[in-house]
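Given next are the chains, with one letter for each unit.
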Amino acid sequence: MLNSLAAQAIFYVIAALTVGFAALVAFSRNIVYSAFALVGALMGVAGVYILLAADFVAMVQVLLYVGGIVVLTIFAVMLTQGIGDLAVSNRAVGPGAGLAVVALAGAVMLYATLRTPWHLATAVAVASTTYGIGNAFLGVYVLPFEIASLVLLAALVGAVTISRQDTPPPADGAAEKGRS
Amino acid sequence: MGGGITLEHFLVLGLILFLLGAYCVLTRRNAIGILLGIELMLNAANINYLAFAFFGGARYDGQIFAIFVIMLAAAEAVIGLAVILAIYQNLRTIDVDATETLSG
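Residue numbers (numbering that gives the first Met the number 0), protein chains in the order written: chain U, 0 to 179; chain D, 0 to 103.
Since the hints were made in silico from the structure, they are not lab data.
Careful, some of the hints might be misleading.
[Unchecked claim] Computed footprint of chain D on chain U; a stretch qualifies when at least three of its residues, placed anywhere within it, have a C-beta under 8 angstroms from a C-beta of chain D: (1) 51 to 65; (2) 106 to 115; (3) 138 to 149.
[As the list claims (entries may be wrong)] Reference excerpt, derived from the structure (chain U facing chain D, CB under 10 angstroms, subset only): (4) I13; (5) A21; (6) I68; (7) L119.
The model shown is predicted, which means the values in this text are computed figures rather than measured ones.
C-beta atoms are modelled at their ideal positions from N, C-alpha and C, and glycine is treated no differently.
Could you build all of it, start to finish, from the sequences and the hints given here?
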């Protein structure tokens, strides 16, 4: 399936888009640009998922990541000030040290990736995966599935608790009285 | 596979995304920027999961792990952004270098 010329072209286009947007996320000096570039990177990753015959995961990616997490991140960017963020690098790890660490880790991982004799299965027929994933979630993986719902509930309650303002409202704010 | 797209193509793509995310996490001062880098790294791991699932035969296991990763990333983003907003309310900045009030 991935041997045709069209598939190769699609892969390289999607990969270039994804890496380009991801580089914009990593190197942009403005955090707003980074947040919006993350949308492009995540959409590109969704395209990679579709190339890998994972249609359901690609839809989950678009719905949850692009629709949820990125919107939440952009909200947080807009709610916090000082978003110009010209001092990109932190004091502990400058761009040079960061690049050195990343280059070292990348070299090791690239070596491991290219030298390992991967066990490849024969290609299976591409079909819709929603039926199988649903069966697996309510069969073999039912316990992690239920625990995941508990984790999400805990995250929800925890986020509300953490971000609630405990500081007393200003004295002249009559409209603030009904809040707490 | 003779010139087609192989497993290594996807692994290298995931590797590049992971390294960009790691660089973002290492060098940013803005706490939200660090969270963006973490999202990139999680996506790189997901690409590896799905690539192994596609080329290794066991398709649903890898895809289910990817869905779990996406779901936990959502929980992580919610908690992380709530913590960042709480820090911002207290310190009026989200510069991670400024949040050193706990260090002796």
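When the nearest CB of chain D is found for A21(U), is that gap smaller than 10 angstroms? 5 angstroms, holds
Should the hint that L119(U) touches chain D count as held when the rule is a Cβ pair under 10 angstroms? Holds - the Cβ of L119(U) comes within 10 angstroms of chain D, reaching about 5 angstroms at its closest.
Agreement of hint I13(U) with chain D interface, Cβ distance less than 10 angstroms: 9 angstroms, holds
Chain D over the stretch 138 to 149 of chain U, status - at least 3 residues with CB closer than 8 angstroms: Since 3 is at least three, the answer is holds.
Once the shortest beta carbon distance from I68(U) to chain D is found, is it less than 10 angstroms? This hint holds: I68(U) lies near chain D, its Cβ roughly 5 angstroms from the closest one there, short of 10 angstroms.
Go check the stretch 106 to 115 of chain U versus chain D for me, would you? Three or more residues, Cβ under 8 angstroms, otherwise it fails. Per the Cβ count (4), the hint holds.
The stretch 51 to 65 of chain U covered by chain D? Criterion: 3 or more residues, Cβ-Cβ distance below 8 angstroms. holds (count 9)
Figure legend: structure checked against the earlier numbered hints; every hint is met.
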